[in-house]
Amino acid sequence: MNTAQKIPVTILTGFLGSGKTTLLNRIMSEAHGKRIAVIENEYGEVGIDQALVINADEEIFEMSNGCICCTVRGDLIRVLGNLMKRRDKFDYVLVETTGLADPGPVAQTFFMDDEIHAEFSLDGIVTLVDAAHIEQQLGRSDESTEQIAFADVLVLNKTDLVKDKALDRLENRLRDMNRMAQVVRSERANIPVDTVLNLGAFDLDQVLKQRPTFLEPEYPFEWTGVYALDEGRFEISLDDGPDPSMSLVVMSEQNADDASLREGAEWCVRQYAESAVLIRPGEVVPAGIHVNLQLDSPGRKSFFLDIDEQTCVGLYAQHTAEEFDLHLANEKGQKVKQEAERVWVAQHEHDDEVGSISIEREGDVDSEKLNAWLGVLLRERGVDIFRMKGFISFKGESRRFVFQGVHMLVDGQPDRPWGDDPRRNQLVFIGRNLDEESMRQGFEACLI
Amino acid sequence: MLDLKDHSPRGVIHRGWNANVEDYAIAGSWGLEGKVLVVADAVGGVYAYDGKSGIRIWMQHKVHAGGILALAVHPNGTTFATAGQDGRVLVWGVVEGQINQSIDVGTGWVEHLEWSPNGKWLAASCSRKVHAYSSSGVEVWQSDDHPSTVSAIEWSSAGELATACYGRVTFFDAPTGHPFQKLEWKGSLVSMALSPDGDVVACGSQDNSVHFWRRSTEQDSMMPGYPAKPAALAFDDTGTLLATGGGEAITVWSFRGDGPEGTRPGILDFHVQPVTKVSFAHHGMLLASTARDGAIVVWSLQKDGTGESIGTAMLADLGTELCWRPDGRKLAALDAQGGVTVWNIR
Chain A
1 MNTAQKIPVT ILTGFLGSGK TTLLNRIMSE AHGKRIAVIE NEYGEVGIDQ ALVINADEEI
61 FEMSNGCICC TVRGDLIRVL GNLMKRRDKF DYVLVETTGL ADPGPVAQTF FMDDEIHAEF
121 SLDGIVTLVD AAHIEQQLGR SDESTEQIAF ADVLVLNKTD LVKDKALDRL ENRLRDMNRM
181 AQVVRSERAN IPVDTVLNLG AFDLDQVLKQ RPTFLEPEYP FEWTGVYALD EGRFEISLDD
241 GPDPSMSLVV MSEQNADDAS LREGAEWCVR QYAESAVLIR PGEVVPAGIH VNLQLDSPGR
301 KSFFLDIDEQ TCVGLYAQHT AEEFDLHLAN EKGQKVKQEA ERVWVAQHEH DDEVGSISIE
361 REGDVDSEKL NAWLGVLLRE RGVDIFRMKG FISFKGESRR FVFQGVHMLV DGQPDRPWGD
421 DPRRNQLVFI GRNLDEESMR QGFEACLI
Chain B
1001 MLDLKDHSPR GVIHRGWNAN VEDYAIAGSW GLEGKVLVVA DAVGGVYAYD GKSGIRIWMQ
1061 HKVHAGGILA LAVHPNGTTF ATAGQDGRVL VWGVVEGQIN QSIDVGTGWV EHLEWSPNGK
1121 WLAASCSRKV HAYSSSGVEV WQSDDHPSTV SAIEWSSAGE LATACYGRVT FFDAPTGHPF
1181 QKLEWKGSLV SMALSPDGDV VACGSQDNSV HFWRRSTEQD SMMPGYPAKP AALAFDDTGT
1241 LLATGGGEAI TVWSFRGDGP EGTRPGILDF HVQPVTKVSF AHHGMLLAST ARDGAIVVWS
1301 LQKDGTGESI GTAMLADLGT ELCWRPDGRK LAALDAQGGV TVWNIR
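From first to last, the protein sequence lines stand for chains A and B.
The first sequence begins at 1 in this note's numbering and counts up one residue at a time.
The second sequence begins at 1001 in this note's numbering and counts up one residue at a time.
Here chain B stands alone, though its shape is the one from the complex:
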């Protein structure tokens, strides 16, 4: 069982630095190739920290009335965008913290935000619509209403955006906004992960299952039986493993060969509270997970989905976000009390 009474990191996790933002730390990401960590909190504050020392470089309070909901760093690492309950998207410079653009998206909450992998487009979802903007903040297109509020967005390639909502995953052609593929399933899709080649779509559903589609064949299958809704999903960078958190255990499906259908998934047992986030390092089959109690575990995984814990640590409260530095040498974790913790991984 997890014994983290003294809260000191174990195994491959080593003490780095920590800081605090004003409220619930809701989103974060590394910028400038891992030199800077930007963090947003639930009351609308944005902070930038030096990646090595943890010294705060700049901060801005209450930039989104009602709070921030999403943050995404541009692939070039020098700009990032935030979105909030005020219906706006702001585009910032990482170094100085100046706001370069302010985009009015809609009257509802702007909940999801993603830059396309080539940095040409910024997608933002607001209520039932998704909007695409050019890198200079000009709206290129907006979708028709989805059947419900959009619950997740992700770029499947530089020219193709996927959205999830109640009952449907939709793929949009990036330059035109044409919805050219719809995958349907009667259920509330609460999370989504795409394999790096864009062929496999996995969605966690409110009915405690994970649903897969293979876009090339339009085959789909359902993995039921999770004790809670699988809100935490992540593919590794090779597209072999899909880690899913719904409950205390992490279930890892392997897409090797004909899998995962008909195969036995790897079960990672260590957490004693429901898992809130899972995140793969960019190489090396390392998975980080966090849970409602703030426990952090780093796992070393095999290609069949099995694995073992190789490091543990503890946050002050529920873990809200995990960000591997691009080189995999540092892991940043955010928590519900506003804690920002960065560890060295070795």
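Pulled out of the complex, with its shape left as it was, chain A reads as follows:
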């Protein structure tokens, strides 16, 4: 059966009080002209007349083989099985799970049950997060961690109850756990309906469109500013900021185009690996080496830069210029305009056990080797792999092979032809305590 004919299903997860019912009501009132069936495991108040609302108790069916990856949701099989008998009566299904639901069996139902698989496609998993309480919940329950790990969209709700800085920190934490998900913020689940419906979230192209930086490498610095400077002494001034010090590498002969910036970034990564030289306010910053600006005294602080001949310099800084209100001025005190500015995906500590791994490689893959590698990986680590998706360039195959999976279950098919596009592979895994290096090596061994 063609995927296009399947009825899309969106799963709404999130702890009690995260705003699932509010979002559900919002979707129902805004999705005009769409006939939506709602399966509710939590007895909320869906107050929309035209909706077909079915209440069903969550029923988790484990298999006799004891494999958690084979566990399905009996209530969904039963209710969806009946809904498909009336397929001309609705064109979308929303499943609202209980707060404590494990998303694994819900998602697995769409892979494991032949009849459900033939008639429905899992469009996406949307997890609502109560911004004020999620940090406590994450510490206490595996369910909330897994709901985040499984999500295609994370709705950071009730943001009005949390300070901006804490919200940024929370968002970073969630992104670390699940780099595949799109994060949207809301106060009372007031988000556009198209951010949660018809995501085609199992399509990696869509994911990349929404988060283009998703597969970018991480750097030890967050920001680069390029300045065209004449001969002379220049002042780098910084105001109070979030940290008592900041790492910096000044790179001379830095061109402002993107390729040059990337080249400079690669070079600076090596400098950042060296230990930093401490520079106090009023001292001169040497070019080409890793320095650490001491910023613990209150008020604006100045450092100096000596330029022998006209050049462009790149400042590769640990924080963005905005955070410390960083300026560059000439001897007359005039501010120097930036030629270019670039923000990088910053490296940081990954605290949670759950994280994301992305592998991107050019070239063709040997299908037998890939099957063997993936088979062993999923058998041994399937329990800890919550989601995976990506595309593969198989040798001799004119089309991209796209796949997605939940725990041990993988489903894939050929997609559009490669045409003139460079043949490459992208794989994304979200899981618990995954060994990135060995997975990367394992995949590389499958390349021809």
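Watch out, some of these pointers could steer you wrong.
Covered stretches of chain A, as calculated for chain B (at least 3 residues, CB under 8 Å) [unchecked claim]: (1) 57-65; (2) 70-83.
Using 20 Å as the maximum straight-line C-alpha spacing, the simulated DMTMM-like pairs for lysine to aspartate or glutamate come out as follows [claimed, not checked]: (3) B:1129 <-> A:397; (4) A:395 <-> A:368; (5) A:369 <-> A:397; (6) A:163 <-> A:187; (7) A:6 <-> B:1293; (8) B:1186 <-> A:62; (9) A:85 <-> B:1050; (10) A:85 <-> B:1022; (11) A:85 <-> B:1293; (12) A:6 <-> A:194; (13) B:1035 <-> B:1023; (14) B:1182 <-> B:1144; (15) A:337 <-> A:353; (16) A:85 <-> B:1023; (17) A:85 <-> B:1317; (18) B:1186 <-> A:58; (19) B:1129 <-> A:187; (20) A:335 <-> A:322; (21) A:6 <-> B:1086.
Keep in mind the hints are simulated off the structure, nothing from the lab.
Every residue gets a Cβ at the ideal spot worked out from N, C-alpha and C, and that includes glycine.
Following the hints, position chain B against chain A.
Below, chain B without anything else, positioned relative to chain A:
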């Protein structure tokens, strides 16, 4: 391979009549000793057709809000019951189509409905409970909650009701509702068939296996390896053969001698799409099967479970139900587009 391009019936299957109900034809049964065919559709309509001519005798629209889920004709053939998503059971007269009783079972879907063979009791399952009613519609008892929603019910004798659910088959004493036997198996049981003597219980499981129990000895065994979940099961009237559909092939287990354990089942290969229903004629080892593509096959079986196709026909869409007329001379088939097709078998 199946070549049914012209859709005309072949072999023992001969053209009879056809009709259409409003939506997905979900359940049907013969009444008045085969003189009337009653059919229910997924949006809650009930229809009665003259068995010989196919002329519609009466119809009622939208009697169960949300749709009908089950229909069962009383052994006397003159009344029948329907159950639906509205949590109700209705008891009807076959001839006039009047509703004699309306029973509120519960707030959930009433998915399964069976009259006891002596017609004294009507069993209905709703969510995790099964309820038993007298023939006048008075509740006699209701069970405690099962471990999951009840997935199948069947009377093993006039005084004994069996239910299947996740992990368990339970036998209830009909007059009291006492659950006197429980057969357990960690798996989701999606279908159930009982041998006519009530000794063998067979259940299709979500993990693509069929599980058997012999109640007299409490021995059980598992037949794994189906390509899909065996949702279609049927015993023949002698209790010799169990036909199971899970995937395109039909697997027939023979209970002759010490079987089926350790024996090779009969494999009926003809369908090119997964089988959705199997049904034995009341005598003569004739099996009818239908599949997702609407193909219909009638098989003649041997006591060892092997067999051959002796007739084919085609429905407009997925076959949802097969009903042999009690004398085995007509076969009614329902389909997902609301088609009601009756063939003569000779």
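Now the hints, each set against the structure:
1. 57-65: holds (count 7)
2. 70-83: holds (count 7)
3. B:1129 <-> A:397: violated (53 Å)
4. A:395 <-> A:368: Holds, because 11 Å separates the two Cα atoms, which is no more than 20 Å.
5. A:369 <-> A:397: Judged against 20 Å, a Cα distance of about 15 Å means the pair holds.
6. A:163 <-> A:187: At roughly 12 Å apart (the allowed maximum being 20 Å), residue 187 (chain A) and residue 163 (chain A) satisfy the hint.
7. A:6 <-> B:1293: holds (17 Å)
8. B:1186 <-> A:62: Cα-Cα ~7 Å, so holds.
9. A:85 <-> B:1050: Distance ~26 Å between residue 85 (chain A) and residue 1050 (chain B) Cα, so the pair is violated.
10. A:85 <-> B:1022: Answer holds: residue 85 (chain A) to residue 1022 (chain B) is near 12 Å, not above 20 Å.
11. A:85 <-> B:1293: holds (15 Å)
12. A:6 <-> A:194: Holds - the C-alpha atoms of residue 194 (chain A) and residue 6 (chain A) are around 19 Å apart, at most 20 Å.
13. B:1035 <-> B:1023: violated (24 Å)
14. B:1182 <-> B:1144: Distance of about 13 Å is within 20 Å: holds.
15. A:337 <-> A:353: Roughly 43 Å separates the two Cα atoms, so the pair is violated.
16. A:85 <-> B:1023: Holds, because 9 Å separates the two Cα atoms, which is no more than 20 Å.
17. A:85 <-> B:1317: Judged against 20 Å, a Cα distance of about 12 Å means the pair holds.
18. B:1186 <-> A:58: The hint holds at about 18 Å.
19. B:1129 <-> A:187: violated (42 Å)
20. A:335 <-> A:322: It holds: about 15 Å lies between the C-alpha atoms, which stays within 20 Å.
21. A:6 <-> B:1086: violated (27 Å)
Violated hints, in rising order: 3, 9, 13, 15, 19, 21; the structure is consistent with all others.
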